[in-house]
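Protein chains: 2
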Amino acid sequence: MTDRMWRIGVAGLGTVGAGLLNFLSERPDFAPAGGRAVVTGVSARSRSRPRPFDISNLPWFDDPVALATSPETDLFVELIGGSDGPAKAAVEAALAAGKPVVTANKALIAEHGAELAALAETNGAPLLFEAAVMGGTPAVKMVREALVGDEIRSVAGILNGTCNYILTEMEASGRAFEEVLAEAQRLGYAESDPTMDVGGFDAAHKISILAALAFGCAPNFAAAEIEGIGQIEQLDIRLAKDLGYRIKLVASADRSPDGVLVRVHPSLAPLGHPLAQAGGALNALFIEGERVGRIYVQGPGAGSGPTAAAVAADIADVMTVATRPVFQKPAASLRPFQPVDPSKMTGRAYLRFLVKDEPGVIAAVSETLAEAGVSIESFLQKPVEDALGVPIVLTTHAVAESVLTAAVERIAGLPSVLERPRLLRIARI
Amino acid sequence: MTDRMWRIGVAGLGTVGAGLLNFLSERPDFAPAGGRAVVTGVSARSRSRPRPFDISNLPWFDDPVALATSPETDLFVELIGGSDGPAKAAVEAALAAGKPVVTANKALIAEHGAELAALAETNGAPLLFEAAVMGGTPAVKMVREALVGDEIRSVAGILNGTCNYILTEMEASGRAFEEVLAEAQRLGYAESDPTMDVGGFDAAHKISILAALAFGCAPNFAAAEIEGIGQIEQLDIRLAKDLGYRIKLVASADRSPDGVLVRVHPSLAPLGHPLAQAGGALNALFIEGERVGRIYVQGPGAGSGPTAAAVAADIADVMTVATRPVFQKPAASLRPFQPVDPSKMTGRAYLRFLVKDEPGVIAAVSETLAEAGVSIESFLQKPVEDALGVPIVLTTHAVAESVLTAAVERIAGLPSVLERPRLLRIARI
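Protein chains in written order, with my numbering: chain D, 4 to 432; chain G, 4 to 432.
None of these hints come from the bench; they were simulated from the model. Be a bit skeptical, because a hint or two may be false.
For identical chains, the list gives no copy identity; a pair is met inside one copy or between any two copies.
[Claimed, not checked] Calculated cross-link-like contacts (lysine to any residue; reagent style SDA-like; alpha-carbon spacing at most 25 Å):
| no. | residue 1 | residue 2 |
| --- | --- | --- |
| 1 | Lys244 | Pro277 |
| 2 | Lys244 | Thr349 |
| 3 | Lys347 | Ile379 |
| 4 | Lys244 | Gly275 |
| 5 | Lys244 | Leu274 |
| 6 | Lys91 | Gly17 |
| 7 | Lys244 | Pro273 |
| 8 | Lys244 | Ser28 |
| 9 | Lys385 | Arg428 |
| 10 | Lys91 | Gly219 |
| 11 | Lys359 | Glu370 |
| 12 | Lys244 | Glu75 |
| 13 | Lys347 | Thr198 |
| 14 | Lys91 | Arg297 |
Between the sequences and the hints, there should be enough to build the whole structure, so can you do that?
Now the structure itself:
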């Protein structure tokens, strides 16, 4: 134990920053390993903006870089956000000065993690980011530390609470994506520019970080395959349910001898599966290791309280003065991220076609699939009111992605097919 | 990062010890924070016992204390088991000599945790025990480190895989407890003396440890209320299911302003609840914190591979040279464990009575409950073949434990009641 005092500089006073200042004022004794944690400086875009807490007695820094490098700062907490700009500049400045950094910034770590890890290790400064993935649910520590005695094969789950909320609401209310999104924005569950969330980019940042921690490779956000939920229609939610599935935005990272595949896709999970049952804003994650088998963790993925608790846990970790690599292993020995060609992957799929209501159409579709080498697992044709044609929906047995997409292209060209076929993956969980 | 070599002494070469030696021989480079981990000594009850791995080239110690204190040992791994005897002596000797200790010994930590923590901290030696709770599923690190930025209110779950396997098999096969236990013993899922597992003591050790980590109090195994699964009958499994529940051995720890209540009871979980769905040898845990809300984690609770992976993660942790208290806070500032009087707790219950098949019996039972102040939530009377009388089963609304047990005593005394009433709790989850 130690009685060292840690002077903490906090840059960014939004939801998480507010939660952290609240926490540290409610828990002035917070120092699980002994010592003391005291906020000695803050920085944000506007000093005068109304806030639910008083910052008038805290030293103010207009420039987060100045706060990060101040001789009065022992530990720098970055809650500004964004992969570049002031967040990156301030984190780099703190690490270069040998100061420990705690951040909730998934974009920064996913896009610049390898170079920041090298900078941190060169300067002997910890760089921690528990709050960057699954908010208050400790996914980062689990993968980086608790499962380091195993070889992890895959991590897969629901990492974006906004998308999970929207999909849950779409199913519950029968409303369209745009309508539910607008409501989520009114309620503060979605940003005014929702692209990061509903486009799948936020989930891709998080799964890129988990892949680096799990597989000991440098994070490689650029290699992630990303598809958001903006194209999900009510019809697919209902038809998937008829087939025994629920549509979820699933982020996954799989390691094979060929390399690593990181993907974010709307995917079908069987109704009885834990991922299908994790509704609302919940986050959920499966981790599969060669020794430990399958571990499942579920909890809140965002929110001021949970995320601030994760930041506080990282601050406590810094205070233990552990010497640990930023990702699974020292930056210099991280494997290069070797992306796998997704077209070689195999998996099961859900296909929906809108066809003319005339004889021979189903035969034409199923023959085309058979000729292409796609084997049908289940088939459903259901009359739908107000539809221009007849929707037919089917699930396939496992098939190579390249074979599947070629078959879909051929069916799209059939004269009796009225709109572009809809392809969703069935989650490999 | 560091290039320090850690010489590891392993005492106990059973399932977990074998898994650890296997792991370290398969991963000679295992050192996530840099450095090296090399086994430089082993100890066990018998040197000559046939083992699935070769120990002839490893220095042998007849006495684990000698291994623990050897100048060739930098880190002592205790896998002997048992709350006292050689395990305790060796751990104490290692800590007194300032050597880090990693153990999988839940009995030792639950029964002597506070004194060992003080010894560890006085001598500046880490004492880690991830493998003691939930095997390969990282419950300890989650509660001790990742959720330290929160105030935890309760932890509750399934912590004994043997009991969970037996209950799952009883439901699936319709066989009696004794028969399924005998099979589990043949398959190696249960010990030849199964008391620790089926009597609830193993789960009580584990929940006592989690309570200490979660609430910052000294572990107090003696204060745990413990009931095993030996009295669970097929009839209860079937009737509970008819009412929408599954019987699980639930271990829970709850903090209130009055103190802490640690209990292990066969409990009814709603069929759709994750705890009800965690079947076979799985372990599962809910953690509820004031800021983070509810976190759920599920995974393998035992087995050579998973448990050895947890031991290896602790070894990696020692190598980071972190300074961290053994439980949630330094041993000297752990709160005394203030047990709550369980009779003051309220909760819902399942009651089963075997009554004579004659008029007025149900009225007598329900009047007795009403007079005692117990309110019935659901009621089920079902003819059962080969039964001596008629079983009636009911669930109650929340009621104080003392009121409930008094009512049960009065009903037990009714002339039309044929056997001692069966009382099970409905899990507060």
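Hint by hint, here is what the structure shows:
{"no.": "1", "hint": "Lys244 / Pro277", "verdict": "both (15 Å within a copy, 21 Å between copies)"}
{"no.": "2", "hint": "Lys244 / Thr349", "verdict": "within (23 Å within a copy, 40 Å between copies)"}
{"no.": "3", "hint": "Lys347 / Ile379", "verdict": "within (19 Å within a copy, 60 Å between copies)"}
{"no.": "4", "hint": "Lys244 / Gly275", "verdict": "both (11 Å within a copy, 18 Å between copies)"}
{"no.": "5", "hint": "Lys244 / Leu274", "verdict": "both (8 Å within a copy, 21 Å between copies)"}
{"no.": "6", "hint": "Lys91 / Gly17", "verdict": "within (17 Å within a copy, 50 Å between copies)"}
{"no.": "7", "hint": "Lys244 / Pro273", "verdict": "both (9 Å within a copy, 23 Å between copies)"}
{"no.": "8", "hint": "Lys244 / Ser28", "verdict": "neither (47 Å within a copy, 48 Å between copies)"}
{"no.": "9", "hint": "Lys385 / Arg428", "verdict": "within (21 Å within a copy, 46 Å between copies)"}
{"no.": "10", "hint": "Lys91 / Gly219", "verdict": "within (23 Å within a copy, 37 Å between copies)"}
{"no.": "11", "hint": "Lys359 / Glu370", "verdict": "within (16 Å within a copy, 67 Å between copies)"}
{"no.": "12", "hint": "Lys244 / Glu75", "verdict": "neither (57 Å within a copy, 62 Å between copies)"}
{"no.": "13", "hint": "Lys347 / Thr198", "verdict": "neither (29 Å within a copy, 52 Å between copies)"}
{"no.": "14", "hint": "Lys91 / Arg297", "verdict": "neither (35 Å within a copy, 32 Å between copies)"}
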